[in-house]
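There are 4 protein chains.
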Amino acid sequence: MVSTPSTPARLRVAVAGASGYAGGEFLRLAAQHPSLEIGALTAHANAGSRLGALQPHLRSLADRVLAPTTAEALAGHDVVVLGLPHGASGEIAAQLPDDVLVLDLGADHRLASAADWRAYYGSEHAGTWPYGLPELVVADGGTQRDRLVGARRIAVPGCNVTAVTLGLQPGVAAGLLDPTDLVAVLANGFSGAGKALKPHLLAAEGLGAASPYAVGGTHRHIPEITQNLRTAGAHAVTISFTPTLVPMSRGILATATARFAPGRHADADELRAVWEAAYAHEPFVELLPAGQWPSTAATIGSNTALVQVALDEAAGRVVTVTAIDNLVKGTAGQAVQAMNVALGLPETAGLVTEGVAP
Amino acid sequence: MVSTPSTPARLRVAVAGASGYAGGEFLRLAAQHPSLEIGALTAHANAGSRLGALQPHLRSLADRVLAPTTAEALAGHDVVVLGLPHGASGEIAAQLPDDVLVLDLGADHRLASAADWRAYYGSEHAGTWPYGLPELVVADGGTQRDRLVGARRIAVPGCNVTAVTLGLQPGVAAGLLDPTDLVAVLANGFSGAGKALKPHLLAAEGLGAASPYAVGGTHRHIPEITQNLRTAGAHAVTISFTPTLVPMSRGILATATARFAPGRHADADELRAVWEAAYAHEPFVELLPAGQWPSTAATIGSNTALVQVALDEAAGRVVTVTAIDNLVKGTAGQAVQAMNVALGLPETAGLVTEGVAP
Amino acid sequence: MVSTPSTPARLRVAVAGASGYAGGEFLRLAAQHPSLEIGALTAHANAGSRLGALQPHLRSLADRVLAPTTAEALAGHDVVVLGLPHGASGEIAAQLPDDVLVLDLGADHRLASAADWRAYYGSEHAGTWPYGLPELVVADGGTQRDRLVGARRIAVPGCNVTAVTLGLQPGVAAGLLDPTDLVAVLANGFSGAGKALKPHLLAAEGLGAASPYAVGGTHRHIPEITQNLRTAGAHAVTISFTPTLVPMSRGILATATARFAPGRHADADELRAVWEAAYAHEPFVELLPAGQWPSTAATIGSNTALVQVALDEAAGRVVTVTAIDNLVKGTAGQAVQAMNVALGLPETAGLVTEGVAP
Amino acid sequence: MVSTPSTPARLRVAVAGASGYAGGEFLRLAAQHPSLEIGALTAHANAGSRLGALQPHLRSLADRVLAPTTAEALAGHDVVVLGLPHGASGEIAAQLPDDVLVLDLGADHRLASAADWRAYYGSEHAGTWPYGLPELVVADGGTQRDRLVGARRIAVPGCNVTAVTLGLQPGVAAGLLDPTDLVAVLANGFSGAGKALKPHLLAAEGLGAASPYAVGGTHRHIPEITQNLRTAGAHAVTISFTPTLVPMSRGILATATARFAPGRHADADELRAVWEAAYAHEPFVELLPAGQWPSTAATIGSNTALVQVALDEAAGRVVTVTAIDNLVKGTAGQAVQAMNVALGLPETAGLVTEGVAP
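Taken in sequence, the protein lines are chains A, B, C and D.
Anchor point for the first sequence: position 137 equals 137 in UniProt numbering, and the numbering is continuous, going up by one each time.
Anchor point for the second sequence: position 320 equals 320 in UniProt numbering, and the numbering is continuous, going up by one each time.
Anchor point for the third sequence: position 343 equals 343 in UniProt numbering, and the numbering is continuous, going up by one each time.
Anchor point for the fourth sequence: position 156 equals 156 in UniProt numbering, and the numbering is continuous, going up by one each time.
Mixed in with the good hints, there may be bad ones.
Chain copies aren't distinguished; within one or between two, either way the pair holds.
Listed next, the in silico SDA-like pairs over lysine to any residue satisfying Cα-Cα at most 20 angstroms (straight line) [what the hints assert, rightly or not]: (1) LYS198 with GLY291; (2) LYS195 with PRO283; (3) LYS198 with HIS33; (4) LYS198 with ALA45; (5) LYS198 with ALA112; (6) LYS195 with THR353; (7) LYS198 with GLN292.
Calculated from the structure, these hints are not laboratory results.
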């Protein structure tokens, strides 16, 4: 594309953790974003490597060489993206100027409760940043989007959290669902586990296998889901949360169920009306037509969340299913969306809603 | 192997529906069974075909030609296996002699309640046969195994039903779990859907995709689960049941959760003790060591069910996870096991407990 | 994006066969193309259906209803895309005005030889259109790109053909390779087989399986490869061509080998120099650095072809490997690229070079 | 099974490398073998671990604890299986008594040429043992089977080697094929790469991807293929050999092509007759009916090799395709088969010919 005089200046973005899946996905999206110019790329163990050797799908950046992740390397950019292991963001972020927009793809700044942080992560809390889920309903009015305008620090939500929150929040916000006995089971693609070299993440092990992990209330995304549903209006939240690895590289399918709140009920049409109202104007969340169920395949590469809700009258439960691409709406696309809101760009800039399927 | 004078006579088995996944899997197992001799093989649309063209993995039977499925073709055998679409078994079975052991791999004869049958299957009930889940706890003592000895008609359980029942029944039988608010979500391999030519079952669609089906209380396995848990001692059962297709050909991973029954509680060790006691002597059900979670990969090709149970104190739920091969412990292996019991053969004859992994 | 007075008028495109994989992929790309506006969508068996029910990933078009495929439905557009079974394009195309750009994603108009057409397709030849592979080297100078400028009928190449041609043509065009004993073996994703409901295309069959098809010189892409390599300068071409289905939805990995032409030889560096020169200025074909081999994963969703070439001195063969996304560079992206050339748009408009990985 | 007085004494087998894929697969087969009793299990990095934590599919051995791999630990067995990285077998084997049958699943003792060993493995040659491919045709009469009777050291062949050799050898042995311009391209499951923790072997990378490795004549299986085809009668062998990783855990599909030897030709029927004659009496190699092509799925878990051959008259090449399970006929099943021959047991003891499909 030829730049014309009226083209706005590009914003320079640096990515720390450019060799990882989260950082790589941000770069894929950034390469299509009309307002971004890709600046410094850094890594830890992979510093000194050519990006093309590590992320061969990022063709236009193949010859970039990764610098070590330091505040110096990240200086001089308008936007800095941190795709770092949890615990590593705080120190780097503290060294960046206040007027730089910092997007933390990791968990460090998501939780408001330092106690929760310590309980689930076992380290000191780095502090709390504005939470980057624009669609999150805020009980006292509006959405989290409003709180992101002008923000210069954004904690990008967890992938599982995004899927479960988007599925359940309309009913929770409406007081229709009982948030004290939620049950969520997820099918997760392997990229959600990152590039860690662990035996159970090998292809030979994962192909043809489904297996759960972090069962029994230990997963670190639990307090984040709880926090979100409280933001949406729940007084107390308890959730049984079980992720399962299944043989796909991307995608989360979250099945989350709830009973009606005491004294509340809705028939199937009323139920759909609540979800429809919640997402009617959301560009990236779509309630599917009645009877059509989400497939992760339809979301791959896109920032779309597909949601469905149904009533199981006999079981006394509302069943919601949400499909997202864990690396896009679950991570890097969410970051771009939140960045767009923070910077006053069109919220959909640089993002697509069409998945790469089949 | 050369037959010696002391070798017991082989039992002749006929398989109706030999071109389908259930019938084919029975044949795979039958080919290894020390007491079976494979007789007539029949099919409907595929009658006249060479088995090797349809089931190329069944090498020793490759040159067999499929006969049309009729009572005549199935006559003269000691055991008849029906791997037919639901609704088709009743008529054939009625024409077979009473002293022939008939194993129905389909649903027709599983439900005791004709009303349930009509509600979920929409046709006339074919009647109820002894239910072929040997490990099913019977509230008034013993297991379903006892009821199978000498049986000549056996309704082989549904695959999802087997996984969910084995996961939950120890706690239900012990009165520890509240059976009125169960939630089960399953990851299912595609062979569970059979060989039906439907667009969503195409490989191009299924590879890289997770998607739910029969959501909201409509799945036909629900009344069968309910029936089993009642047999195990529950007075009333309600279950939210959601299966999801994931990209594997075989395997079911069932995550089933429950709250404690009113007034009951157990810590993690007590919980495990209940499950351990239930399955300590079962050759095909294994409670994994604490902290190790089932993977479907470990069960492929075997008649093993791997079970784990954990307590999520914060969520107030007990979480059970069960992995099986849907075609073995979920269908054909279960049938062999039940047949062994019925005929007085060693229960493990012709079955293996080691999965084909990775 | 808001249209400003200086925005060029959008070109209206109609897609026949919008429910298939090829048509669907063209729509996915068209939705991102700055100069296209999506008009009529038609189908045959699926006429009357909502697109969202058939192609749930095409969110922005979900509510479009498919019209029957007729010349009337396709009238009044600037561009018409035909994603039809072979044999069906000719009749429709004959009814479209000469000044409409028609892109045939099917095979009908690719072959110059009516005899080849009859031999491989067994029907009457519909005629020959300009061949839509812009990078195809033309022996008497330039590339096929030159022949596409201003074209109003374009035969979009076959997916396997694209991969094999791009791998081998630099060496063939340079006279370095002997084109009379080529051997190509391909790993193919299932979407290449379309949405046909055939047993061997079921997910249960395809997951965990590799199997060849059209072995022994029967594949219809063979005369098209031959034609291309003749265009690139070969006097005679013979190729052993074996595609194999492997468990992925998208992607082609083509391994194509050749001996040196009589009297010719090159060392590894010289060899690379030939390929480098051929593709140095091609926006969508990339020769990877020495030692790095193409993976289909790096191309998914993009119009990129990744190519590598190596010398196996001991075997006396040059080995080339090419990876593409069969639905993008192999079909719909190629069509967009050729359309861009034909219409004088930037060749890369609406296409990306970054794959969706992992 | 109850042991009767007439039951022959079990042979005690020790497995070194019991935590790897090759060792694990041998154990899976050994657990079904009527004449084996499983003794010591050893490992290197995993010594001290419970086998159930590493190989959860080997249920009957779950509580075994792995000893360090030493000659002492392996002493006192009738059979010792070495599933060790190449280079490690020689030293251990030298410490084992001559009358113990040692099966080396690794490469150390396969090559007769020390020069080839050094060229491809870069270390000192450990010596040459009888080669454990019973079906290998020996040019001066008979098969390799004859040389294995009574052997006490056996080098178990490489997985790729087995597939390529079985595909090509009938034509080579008959002098029908020209062995000096062979081309083989393979689709390989990930278990062939072992449990090594390397980034490209991660599930996130491997799912949805096809990619080649060891391209250009560098793969260590090349001299072994060459050696085999010389044994079968070729005077000189040159082969272009390219393996490709595809998204499956098990299986090799080898497409191997050759031209006719100078002055030789055969039509399709004559061609098939040669292959048919070669394998008519082989229990584990099956030439499929004309027109049916091998799928790896049909071989999983079995010791079967499915072979097909076709004539591509236009290309002037014979195309052979062979499917095996790389861990069974490619490794551990082959070892059991060779062991059976060496010890005078029925060659098929403990092995199945039916694959686990779908």
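Structure-based check of all given hints:
no., hint, in the structure
1, LYS198 with GLY291, "between (39 angstroms within a copy, 17 angstroms between copies)"
2, LYS195 with PRO283, "neither (31 angstroms within a copy, 30 angstroms between copies)"
3, LYS198 with HIS33, "neither (34 angstroms within a copy, 33 angstroms between copies)"
4, LYS198 with ALA45, "both (16 angstroms within a copy, 14 angstroms between copies)"
5, LYS198 with ALA112, "neither (31 angstroms within a copy, 37 angstroms between copies)"
6, LYS195 with THR353, "neither (26 angstroms within a copy, 23 angstroms between copies)"
7, LYS198 with GLN292, "between (37 angstroms within a copy, 16 angstroms between copies)"
In summary, the numbered hints that this structure violates are 2, 3, 5, 6.
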